[in-house]
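Participant: Sequence:
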Amino acid sequence: MPTPHTPAFLYSFKRSAIFYAAMFIAILVSVNFIDRELADFIYQHSFANSLIKLLSNTPLFLEILSAIAVALCIVPKLRHQYRWLAINLAATFILASILRVSAKALFGRTWPQTWVNSNPSWISDRIEGFHPFAEGLAYNSFPSGHALFTFALATTFWYHLPRYRLLWIATMCAVFIGQLGQNYHYLGDLLAGATLGTFIAHMVIIVTEKASSRSCRPRLF
Numbered sequence: 317m318p319t320p321h322t323p324a325f326l327y328s329f330k331r332s333a334i335f336y337a338a339m340f341i342a343i344l345v346s347v348n349f350i351d352r353e354l355a356d357f358i359y360q361h362s363f364a365n366s367l368i369k370l371l372s373n374t375p376l377f378l379e380i381l382s383a384i385a386v387a388l389c390i391v392p393k394l395r396h397q398y399r400w401l402a403i404n405l406a407a408t409f410i411l412a413s414i415l416r417v418s419a420k421a422l423f424g425r426t427w428p429q430t431w432v433n434s435n436p437s438w439i440s441d442r443i444e445g446f447h448p449f450a451e452g453l454a455y456n457s458f459p460s461g462h463a464l465f466t467f468a469l470a471t472t473f474w475y476h477l478p479r480y481r482l483l484w485i486a487t488m489c490a491v492f493i494g495q496l497g498q499n500y501h502y503l504g505d506l507l508a509g510a511t512l513g514t515f516i517a518h519m520v521i522i523v524t525e526k527a528s529s530r531s532c533r534p535r536l537f
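Residue numbering for the sequence shown is 317 to 537, as defined by the working numbering.
Keep in mind that the hints were calculated from the coordinates and are not lab data.
Every residue gets a Cβ at the ideal spot worked out from N, C-alpha and C, and that includes glycine.
Among the clues, some could well be false.
Claimed, not checked - Computed spacing ranges between beta-carbons, pair by pair:
| id | residue 1 | residue 2 | range |
| --- | --- | --- | --- |
| 1 | Glu379 | Pro478 | 35 to 43 Å |
| 2 | Lys330 | Cys489 | 22 to 30 Å |
| 3 | Val345 | Leu388 | 19 to 27 Å |
| 4 | Arg399 | Phe357 | 42 to 50 Å |
| 5 | Ser413 | Leu388 | 17 to 25 Å |
| 6 | Lys330 | Val391 | 34 to 42 Å |
| 7 | Cys489 | Tyr336 | 14 to 22 Å |
| 8 | Pro478 | Ala338 | 16 to 24 Å |
| 9 | Asn365 | Pro436 | 54 to 62 Å |
| 10 | Phe357 | Ile485 | 20 to 28 Å |
Can you build the whole structure from these sequences, using the hints too?
Facilitator: What follows is the structure, given as structure tokens:
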């Protein structure tokens, strides 16, 4: 059975449906009514600083932890304890890498600010929109890859190591604060990345649960 500290929606089809539906609605609301105004507000008030920039790189922290978890499996005495965590992290990372590139190409959204090769942006050019399959980094804002990787890895860690749930929640909050504070992404980009990342981890957990008949972990759904 799930513990009080694991994400409850992972264990219930109804809760999962409500969670993903709520996130989908939040993304639509943000893209249509919040993103541009929030980008203007952040730019005008200049929240960017060294701490905010550090928080924007939250995925790196989780990627290092993931590498450590995989490395622990080299030690025979630790292999049994960490193997499913390592398998889930590796599978989640691979899928997240593939879907990150695919989703960005599919949606082709412009960035809030100009960062690369004079890319068109809302702040500089008052241009914001989706251009499916447009080529180039200028159209890679949606979904946020940083949020995608953070939520994918943090969800996996939270499932396997729920006692450290406050740390995993902190990383999720940190990537939002960092990416928004630097105006690297729209809020809608981050919500989409968070949703997709969580979904990837969720699906990997379900598959590995069904594949591990000897595991004592609870079977999902």
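Participant: Now tell me, hint by hint, if it's right for this structure.
Facilitator: Verification of the supplied hints:
1. Glu379 x Pro478: 35 to 43 Å: For Glu379 and Pro478 the Cβ distance comes to about 21 Å; the hint is violated.
2. Lys330 x Cys489: 22 to 30 Å: With a Cβ separation near 26 Å, Lys330 and Cys489 satisfy 22 to 30 Å, so the hint holds.
3. Val345 x Leu388: 19 to 27 Å: 42 Å, violated
4. Arg399 x Phe357: 42 to 50 Å: Check passed, 47 Å falls within 42 to 50 Å.
5. Ser413 x Leu388: 17 to 25 Å: 22 Å, holds
6. Lys330 x Val391: 34 to 42 Å: 41 Å, holds
7. Cys489 x Tyr336: 14 to 22 Å: 20 Å, holds
8. Pro478 x Ala338: 16 to 24 Å: 22 Å, holds
9. Asn365 x Pro436: 54 to 62 Å: 26 Å, violated
10. Phe357 x Ile485: 20 to 28 Å: For Ile485 against Phe357, whose Cβ atoms are near 25 Å apart, the range 20 to 28 Å holds.
When each numbered hint is compared with the structure, violations occur for hints 1, 3, 9.
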